[in-house]
Amino acid sequence: MRAVFYTGSRQPWAAVLGERPWALLPVGSRPLLTYWLELCVDLGITELQLILGQDAEHIELFCGNGEKWGLNINYSFIRPGDSPQEYLARDPARWRDGLLYLSGALFPRRLADFSSDRLKDLLPGACYTENGSPAFFVSDNPEMVDAFIRNGRCTCQSCLFPKQVGLDITLIHDISQYYDLNMTIVRSEMDRYLSSGYSFSDSAAIGYNVITPPSVSFNPPLAIGNDCRLGAICSVGPDVVISDHVLIDRQSELSESIILSDTYVGRNLEINGKIVAGNRIIDPADGSFVDIEDPWLVAHTQSKNYMRDFLRTVFGWECALFLVLIQLVPFILLYTVLRLRRLGVFIKKPVWGIGGKRIVTSCFVATDVVPSVLLMIFYGASLDRFPQLLSVLSGKLWLCGQVPKACGSDGFNEGNRYFPAVFTHSDAFAEIDRQMDALYYAHTRSLVTDLRILRQALFSRLLEVEVIAGIISDPV
Amino acid sequence: MSVACTKENGAGLISLSGPLTAATVEAFREQFAAWQAEEAAVKNFVFDLSAVDFMDSAGLGALIAALKRITERGGDMKLACLQKKPRMVFEITRAYKVFEIYDTVEEALSAAGE
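These protein sequence lines map, in sequence, to chains E and Y.
For the first sequence, UniProt numbering gives the first residue as 1, with consecutive numbering after it.
For the second sequence, UniProt numbering gives the first residue as 1, with consecutive numbering after it.
Next up, chain Y with everything else stripped away, as it sits in the complex (with noise of 0.2 Å):
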């Protein structure tokens, strides 16, 4: 699992690729608290999974922390380009119903900005 961070149009731009289970979830979380605390100003967040290839329930368990983290304080989070493996765990789970997911990440960063 690699966790690549940027920033685009004042908003956090988090790029995962890998599968997010249990075994990398820790990897996950550690690397975005650190880029969360660097940046402190950055309030909304886009997370693109276009290479999230399978994610189970302690990856997902891992995004519903990053939301609650990011929602506390008092930002936005949206998920983008999610695939078909991981979007099934979503879809049982009802985890579509939390999150904001769209099809680019282009819609996900225009949506965060508004």
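Excised from the complex, chain E in its bound form (with noise of 0.2 Å):
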């Protein structure tokens, strides 16, 4: 038995919710697709065929080759204008053995009777049709099957509907029904369903990799993706839904909205009853939108800008060559000094570099915890970052960015979020959440900022030398 999914077609509710293909709009915090891929599971089925049309590669880079379901997916295409049934009729022996067939933005909401055994019980033809067109079919019949292909219905008489199987199959038609889904999945059905992540309790389904700070209050019921950051003292629900790669800043609140991947939300901001997706906010009544042009306020969070990086690049790279040739000859007087006194050394850390590659970072360690002139002369003219200067003219660290994750047991997985770097918000900025922090600077990330941050960070650490001094710490 083979599935085909058409996510082609198009969904003109969906236009206000950005760029994103309908078929990856969250639905309680996952993307849509992700539920038919898992009733293609629960039938059994490992053959799926994809039949992409715009935003095809938004798709592709999602679904991969099905390996994370446990399923075999390969993509084609079809015409503008035709019709996913005239592909099924190219080559009708294919799914002589059963088909699956779900096309549409259609949810397939489990009702409270559902079981996955029972949906067994569809195999034998089940057709679900909207304005004449299927947008549900499911048999393993071969003389059902090759009558749906050619009518584009079912013609069992005795065949069972979705719903008998405690499977509603719902269509989304406008902006409203799709909130009214989320809001009515996230309040009392989420258990229904595979939890991203954690399992679901206490009405709370958290995906993998989300920080929290203990201050964050959680009012559920909610759902949140995975790769999420919340910043200090916020409010997350109740009903509140939160796609994958959401960065929520300090102080705001969340409550009955939902907000799309890849967004920012700003400090001590209160989002109630809406859709954010990137930097629009969408009233889910009527779709009226107001696309903010404010990145504090609420915005993309950007993850390449191949022209902005590369200038970022060139300016690091030549900041750096300047550092290192004005701190070269101080470097080796004091250091040499700081070591015949004990009262300090480097130290290897292996961190992840540029790119997500393994390197090996020196960072300055001092032997005791009072400051003394020749540690604050040593820290204030920043000469405990002269071996990472060296690294940013070897290409493996930025000059400002992010603080540098130290190589654990965990692989890379950051991709175009990761900035590491010698300089960063921590050294420049006090009352800093670090992760926050990092998540805003990719977020935000220019020539300007990193010009902010080094001249912050080196006027600051001259000021406040003594305090800096006084702390033995690991600066990865």
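Be aware that a few hints might be false.
As the list claims (entries may be wrong) - SDA-like cross-link-like pairs, simulated, lysine to any residue; straight-line CA separation at most 20 Å: (1) E:Lys396 x E:Phe310; (2) Y:Lys97 x E:Ser235; (3) Y:Lys84 x E:Glu293; (4) Y:Lys85 x E:Gly273; (5) Y:Lys85 x E:Asn272; (6) Y:Lys84 x E:Thr129; (7) Y:Lys84 x E:Gln251; (8) Y:Lys97 x E:Gln251; (9) Y:Lys84 x E:Asn279; (10) Y:Lys85 x E:Trp296; (11) Y:Lys97 x E:Ala15; (12) Y:Lys84 x E:Asp291; (13) Y:Lys84 x E:Glu270; (14) Y:Lys85 x E:Ala15; (15) Y:Lys84 x E:Ser176; (16) Y:Lys84 x E:Gly273; (17) Y:Lys85 x E:Glu270; (18) Y:Lys84 x E:Asp294; (19) Y:Lys84 x E:Phe310; (20) Y:Lys85 x E:Asp291; (21) Y:Lys84 x E:Ala285; (22) Y:Lys97 x E:Arg267; (23) Y:Lys85 x E:Asn279; (24) Y:Lys84 x E:Val16; (25) Y:Lys85 x E:Ala285; (26) Y:Lys85 x E:Ser288; (27) E:Lys163 x E:Thr129; (28) E:Lys405 x E:Arg358; (29) Y:Lys7 x Y:Lys84; (30) E:Lys405 x E:Ile211; (31) Y:Lys84 x E:Arg358; (32) Y:Lys85 x E:Glu293; (33) Y:Lys43 x Y:Thr21; (34) Y:Lys97 x E:Asn268; (35) Y:Lys85 x E:Asp286; (36) Y:Lys85 x E:Pro295.
Worth flagging that the hints you see were computed from the coordinates, not collected in a lab.
Since we're looking at a predicted model, the values are computed, not measured.
Take each chain as given, in its own frame, and dock them per the hints.
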């Protein structure tokens, strides 16, 4: 038995939600398409053909070869104007062993009496059409499959309706329906679906790699996707759906809202009863929206900007060279004295460098908590970062960016949001939330930001040298 | 952005039209400050925002600055007819807690006169 999913259709209601393909819009914090894939798995299907349209690359990137779900996914396209039935009719023998067909923005909603065992009862034949177009079809009967391909509907008189096995095929027609579906799911139905990361308990589903400081207040029900960061004193919930790669800055309050993937929500904001997609705030009642051009309010979390990053590379390299040249002699002299007086030493630390490569960087560790004049000069002139400046020259670290992550047992998976650097927000600004600032840097990085960090870092280290020198800490 | 300043029932009625954004706030500031200087006796103000279709954080900042100037002089400031899109900016930034917002200019003028 094979499955054919058609995600190439146009869904006008989804246009307001930005560039994201409708199949990847979150329902209960996970992309709609994942529910289709899980339906496939529940029915014991392993071979899946995904028919794509516009934005194909996003869906292909998300699904890959299907390994994550134990599926073997192949991709196809159909010509604009062609129907998926025409695609199926090209090689009818291929579907003879059985076919699961899904098309349109449908959500296979599990009702209270749903159980995955009962899904198998659909296999003799089940169909759901909307305005004459098939949205859902499943059968392992070759004749019925042939008839479906020919007529686009189920011909079996005695076949089940999906609802009879506790599956409600809910088609999303407009933005308010999309919002209501999400709210319904998060309020009372999350436990019927596989939850990402951890299991659904206490009406809160939280994905993996979600960083939450202790001061964050959760007010279930809520669902949060993967790789999200919440700032200090945030309040999340009730009735909140947060998708993947979302950054909520400190002191913001979210309730009855949906935050789509790759969105930054600024500090001290109050999002209530809205959908936020990047820099767009949408009223789910009528789809009206406002695009905010201020990156301090709501914005896209940006991952790639080649020109900006190229400029930062050139600037960082030249600045690092300049700093190395003026620091070389003072470094040799002072470090020699420090070693002779046993006041501190450089130790090797393995960290993730640029592009997720393992590198070894040198970190200065003082051996005495009491700051001495020598140590103060050493820190104040940023000579403790001298070996790391050499790493900038060899292309292993950025000059300004995020605190490099120590190499652990886990692999590196931060991709384009990781900018390990010599000077960071931690050096430049007090009262920081390291994870939040790292993500915020990835979102707002620019030459100007780098200059601010560099100026502030060098300046503040000079002024606050007494404090810095008193800390024996691992800077990585 | 156009700014029309008149006097109604002893209160200043400031009617704004067009987007109130970083590009237009300076014009708003200048015109409002000039009228305020001319009509120094007027303490209370109503801002009619029915024709403001868009506002960003700079526009919001300009309104907050105006509120500060007015309250420093012992006056009061009301907003009227806030449209949907600017209202979203007010909602997310919690600015609605700072301003008194009325559905109509008449209501706002009446409240300003009290």
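(message) So if I understand the rule, the pair passes when the alpha-carbon distance is 20 Å or less; does lysine 405 of chain E with arginine 358 of chain E pass?
(response) Within the cut-off at roughly 10 Å; holds.
(request) Below or equal to 20 Å on CA atoms is what counts here, so check lysine 396 of chain E against phenylalanine 310 of chain E. (result) Between lysine 396 of chain E and phenylalanine 310 of chain E the Cα gap is close to 15 Å, so the pair holds against 20 Å.
(message) Can you confirm whether the C-alpha distance between lysine 163 of chain E and threonine 129 of chain E stays at or below 20 Å?
(response) Holds - the C-alpha atoms of threonine 129 of chain E and lysine 163 of chain E are around 13 Å apart, at most 20 Å.
(message) Checking one constraint from the list: CA of lysine 84 of chain Y to CA of glycine 273 of chain E, max 20 Å. Satisfied?
(response) 14 Å, holds
(request) Assess, step by step, whether the Cα of lysine 85 of chain Y is no farther than 20 Å from the Cα of tryptophan 296 of chain E, and give holds or violated. (result) 18 Å, holds
(message) Just to be careful, I want the Cα atoms of lysine 85 of chain Y and alanine 15 of chain E compared with a cutoff of 20 Å; is the pair within it?
(response) With Cα atoms ~18 Å apart, lysine 85 of chain Y and alanine 15 of chain E stay inside 20 Å; holds.
(request) Sort out whether aspartate 286 of chain E lies within 20 Å of lysine 85 of chain Y, counting only the CA atoms. (result) 12 Å, holds
(request) Assess, step by step, whether the Cα of lysine 85 of chain Y is no farther than 20 Å from the Cα of glutamate 270 of chain E, and give holds or violated. (result) 15 Å, holds
(message) Would the hint linking lysine 405 of chain E and isoleucine 211 of chain E be met if the CA-CA limit is 20 Å?
(response) Given that 20 Å is the threshold and the Cα spacing comes to 15 Å, the pair holds.
(message) Check the hint pairing lysine 84 of chain Y with aspartate 294 of chain E against an upper bound of 20 Å on the C-alpha distance.
(response) The given pair, whose Cα atoms are some 18 Å apart, holds under the 20 Å limit.
(request) Measure nothing beyond the straight line between the CA atoms of lysine 84 of chain Y and aspartate 291 of chain E; if it is 20 Å or shorter, mark the hint as holding. (result) Satisfied, since the Cα-Cα distance of roughly 13 Å is no more than 20 Å.
(message) Tell me if the straight-line CA distance from lysine 85 of chain Y to asparagine 272 of chain E falls inside 20 Å.
(response) Roughly 15 Å between the alpha carbons, so the hint for lysine 85 of chain Y and asparagine 272 of chain E holds.
When the structure is compared with the earlier hints, violations turn up for hints 6, 7, 11, 19, 29, 31, 33 and for no others.
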